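Asker: Each chain, letter by letter, is given below.
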Amino acid sequence: MKNETYILERKDFPTLLEELGRRGYRTFGPTVRDQAIVYDELESVDDLPAGWTEEQDGGKYELRRREDDALFGYVIGPDSWKKYLHPPRQKVFSCAAVDGLITIDDPEPEEPPMAFLGMRSCERHAIAVQDGVFLDPGSADPAYARRREQALFIAVNCTNASETCFCTSMNTGPKVDLPVDLNMTECLTPDHHRFTVRAGSNRGAEILEAVPTRPATEAEVAEAERRIDEAAGEMGRTIETSDLKDLLYANLDNPHWEDVGARCLNCANCTMVCPTCFCTTMEDVTDITGKSAERTRRWDSCFTWDFSYMHGGSVRQSSKSRYRQWMTHKLATWQDQFDRLGCIGCGRCITWCPVGIDLTKEVEAIRNSETVEEAHADN
Amino acid sequence: MADKPKLAVWKFASCDGCQLSLLDCEDEILAVAGEVEIANFPEASRAVIDGPYDVSLVEGSITTPHDAERIQEVRAQSGLLITIGACATAGGIQALRNYQDVKEMFNVVYASPHYIETLETSSAIADHVKVDFELRGCPVNKMQLVDVLLAHLHGRKPNVSAHSVCLECKERGNVCVMTAHGTPCMGPVTHAGCGAICPAYHRGCYGCFGPMESPNMPALTSWWKGLGVADADIRRACRSFNGYAPAFREESEKYD
Ligand code: SF4
Ligand code: SF4
Numbered sequence: 000m001k002n003e004t005y006i007l008e009r010k011d012f013p014t015l016l017e018e019l020g021r022r023g024y025r026t027f028g029p030t031v032r033d034q035a036i037v038y039d040e041l042e043s044v045d046d047l048p049a050g051w052t053e054e055q056d057g058g059k060y061e062l063r064r065r066e067d068d069a070l071f072g073y074v075i076g077p078d079s080w081k082k083y084l085h086p087p088r089q090k091v092f093s094c095a096a097v098d099g100l101i102t103i104d105d106p107e108p109e110e111p112p113m114a115f116l117g118m119r120s121c122e123r124h125a126i127a128v129q130d131g132v133f134l135d136p137g138s139a140d141p142a143y144a145r146r147r148e149q150a151l152f153i154a155v156n157c158t159n160a161s162e163t164c165f166c167t168s169m170n171t172g173p174k175v176d177l178p179v180d181l182n183m184t185e186c187l188t189p190d191h192h193r194f195t196v197r198a199g200s201n202r203g204a205e206i207l208e209a210v211p212t213r214p215a216t217e218a219e220v221a222e223a224e225r226r227i228d229e230a231a232g233e234m235g236r237t238i239e240t241s242d243l244k245d246l247l248y249a250n251l252d253n254p255h256w257e258d259v260g261a262r263c264l265n266c267a268n269c270t271m272v273c274p275t276c277f278c279t280t281m282e283d284v285t286d287i288t289g290k291s292a293e294r295t296r297r298w299d300s301c302f303t304w305d306f307s308y309m310h311g312g313s314v315r316q317s318s319k320s321r322y323r324q325w326m327t328h329k330l331a332t333w334q335d336q337f338d339r340l341g342c343i344g345c346g347r348c349i350t351w352c353p354v355g356i357d358l359t360k361e362v363e364a365i366r367n368s369e370t371v372e373e374a375h376a377d378n
Numbered sequence: 000m001a002d003k004p005k006l007a008v009w010k011f012a013s014c015d016g017c018q019l020s021l022l023d024c025e026d027e028i029l030a031v032a033g034e035v036e037i038a039n040f041p042e043a044s045r046a047v048i049d050g051p052y053d054v055s056l057v058e059g060s061i062t063t064p065h066d067a068e069r070i071q072e073v074r075a076q077s078g079l080l081i082t083i084g085a086c087a088t089a090g091g092i093q094a095l096r097n098y099q100d101v102k103e104m105f106n107v108v109y110a111s112p113h114y115i116e117t118l119e120t121s122s123a124i125a126d127h128v129k130v131d132f133e134l135r136g137c138p139v140n141k142m143q144l145v146d147v148l149l150a151h152l153h154g155r156k157p158n159v160s161a162h163s164v165c166l167e168c169k170e171r172g173n174v175c176v177m178t179a180h181g182t183p184c185m186g187p188v189t190h191a192g193c194g195a196i197c198p199a200y201h202r203g204c205y206g207c208f209g210p211m212e213s214p215n216m217p218a219l220t221s222w223w224k225g226l227g228v229a230d231a232d233i234r235r236a237c238r239s240f241n242g243y244a245p246a247f248r249e250e251s252e253k254y255d
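Chains as they are written, first to last, in numbering that gives the first Met the number 0: chain A, 0 to 378; chain B, 0 to 255.
Honestly, I wouldn't trust all of these hints.
Taking lysine-lysine and the DSS-like style, the derived pairs with C-alpha atoms no more than 27 Å apart in a straight line are [stated by the list, open to error]:
#1 224/B - 3/B
#2 141/B - 90/A
#3 290/A - 3/B
#4 156/B - 129/B
#5 290/A - 156/B
#6 102/B - 3/B
#7 174/A - 10/A
#8 224/B - 5/B
#9 10/B - 102/B
#10 253/B - 319/A
#11 102/B - 253/B
#12 244/A - 290/A
#13 10/B - 224/B
#14 102/B - 90/A
#15 360/A - 244/A
#16 156/B - 141/B
#17 224/B - 253/B
#18 102/B - 5/B
#19 290/A - 10/B
#20 224/B - 360/A
#21 290/A - 59/A
#22 59/A - 360/A
#23 90/A - 290/A
#24 59/A - 10/B
#25 290/A - 224/B
#26 319/A - 290/A
#27 141/B - 3/B
#28 174/A - 90/A
#29 141/B - 319/A
#30 129/B - 141/B
To be clear, the hints were calculated from the coordinates, so they are not data collected in a lab.
Given the structure is predicted, the values throughout are model-derived calculations rather than measurements.
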């Protein structure tokens, strides 16, 4: 296995995509659509967002031109790999009544394996979080497991961070530290445009063998590291995690929830864009004769009324209770449930909240109000 | 044959667009016609079978004294009464009259206003009689309409969600027009059902399906102000097809 660092020149980058195609992968990755960098199927290197980056802040996203032609010079967009591994709508089964018997059909059509090009470190952590949900031996989701098993991960380390990033607070980036098949860093100067690449699996090593590379020099490896370190220094947000669970548990009745509840639209965008949010609902449809039926699983959210509906009504009636549920799950109860945080610090919920609600600031507000209360108590 | 449920379709003040959605379900309509007896649907057939009816679909709002009586008769003859569309569920675009002096408008519009007999307001069917299910939209989504009928036929829950349009945008893969383009959008306060059509074409949501289950109007409109939307435009956006639905109406009145 090639397990050192290699150099792939920009001019040879197309061979990587060609090799993925030869191996039967459908390749998905970043591309510009509708004034954003989204994930979509890539036909060729020309689909990558060369020369584009973005500016992000609470409730704001703006595509910007870079001064160079970096292929991965953006941070992250609205999409995450969740849309492929845990798609928004998925058929669970269909059934039909034939001669008094109920037949249930196979819900799992064969799909070609997927290659994810441009995975960020925080996104790799998000997949690890969803693995905890969907690969749990007691309740594994076979469709997720199959896609996950087949998928090839080609990570590209962040060399920029955005105003809404806080992966360093969550220990999830910017340097890729979980297993991936190929791990790259883009290095671009006026004189050169190249990628350092390391294989992290046999599959990755085979692909790397098939594309034109040369061993990287020590200086080239150091340059890549320096660029990742720069990104680490650019985090626009921070969150103190050491006391999060106790802080939130101690503050379930904090008046601040009322404040954020008044600002929150309950629109559910935060949960849709979050790469770790996994909740779904079931929809059953019947055909016109009533002789066949189909069950579909689709993304749902703790911000909808139906989500906590039990006989007689919704359990979480108020806006504040729904926001509190979401945030305390991400940051506190997730730790009890899955032994880790449910947030990987990507900032999508901040950028794509239509009214710019920012969980890092909400946590700060709760922490500060506690200090104020303590100060009062001390007096 | 005798066991088939009898379906009637009623029209009040409306444009016919919602009941035409039923006719527009070309593939499904014949099959639906096989499962129910279409007893009264003047847009589809001249044959009228007397009531009572198992299911009545009611389109349109109440705008005349005559219609205010007629809806009572419809209710009395109907098992399940389902209202369809913005007119029937919120008074429709014609409820804009509720903000004006109706008599004054007549004198401007009609040559012989004394022939007109009308009410001061355009109101939703539920303001007059008990409604069993409201299907939103201007017009309704034809697939939802078929689903509601099938759900009733087969004794299951209809797949009609009252959450925001945002979930439909995200399912469709739309880039948020408000966040990425700065386009004011009613989606976060609007009831799902259309499948997020307008944002898919880079337009803000117009609110055709009326207020969602928990519309936070002040939070949205104050953000719109930050986007540079003028007060009069906020009022207009709230006051369209569903402009008399309480949440939209109350917010629009703040911008009078
Ligand atoms: S909670 Fe927000 S910042 Fe954390 S992983 Fe989800 S979208 Fe990203
Ligand atoms: S926090 Fe923002 S994105 Fe999430 S439901 Fe509230 S308004 Fe919508």
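Asker: Next step is simple, just say for each hint if it's right about the structure.
Answerer: Consistency of the hints with the structure:
no.: 1; hint: 224/B - 3/B; result: 54 Å, violated
no.: 2; hint: 141/B - 90/A; result: 22 Å, holds
no.: 3; hint: 290/A - 3/B; result: 16 Å, holds
no.: 4; hint: 156/B - 129/B; result: 20 Å, holds
no.: 5; hint: 290/A - 156/B; result: 16 Å, holds
no.: 6; hint: 102/B - 3/B; result: 47 Å, violated
no.: 7; hint: 174/A - 10/A; result: 25 Å, holds
no.: 8; hint: 224/B - 5/B; result: 50 Å, violated
no.: 9; hint: 10/B - 102/B; result: 24 Å, holds
no.: 10; hint: 253/B - 319/A; result: 24 Å, holds
no.: 11; hint: 102/B - 253/B; result: 25 Å, holds
no.: 12; hint: 244/A - 290/A; result: 50 Å, violated
no.: 13; hint: 10/B - 224/B; result: 39 Å, violated
no.: 14; hint: 102/B - 90/A; result: 56 Å, violated
no.: 15; hint: 360/A - 244/A; result: 16 Å, holds
no.: 16; hint: 156/B - 141/B; result: 17 Å, holds
no.: 17; hint: 224/B - 253/B; result: 13 Å, holds
no.: 18; hint: 102/B - 5/B; result: 40 Å, violated
no.: 19; hint: 290/A - 10/B; result: 32 Å, violated
no.: 20; hint: 224/B - 360/A; result: 22 Å, holds
no.: 21; hint: 290/A - 59/A; result: 48 Å, violated
no.: 22; hint: 59/A - 360/A; result: 16 Å, holds
no.: 23; hint: 90/A - 290/A; result: 18 Å, holds
no.: 24; hint: 59/A - 10/B; result: 45 Å, violated
no.: 25; hint: 290/A - 224/B; result: 52 Å, violated
no.: 26; hint: 319/A - 290/A; result: 43 Å, violated
no.: 27; hint: 141/B - 3/B; result: 22 Å, holds
no.: 28; hint: 174/A - 90/A; result: 36 Å, violated
no.: 29; hint: 141/B - 319/A; result: 35 Å, violated
no.: 30; hint: 129/B - 141/B; result: 23 Å, holds
Hint compliance for this structure: hints 1, 6, 8, 12, 13, 14, 18, 19, 21, 24, 25, 26, 28, 29 are broken, all remaining hints hold.
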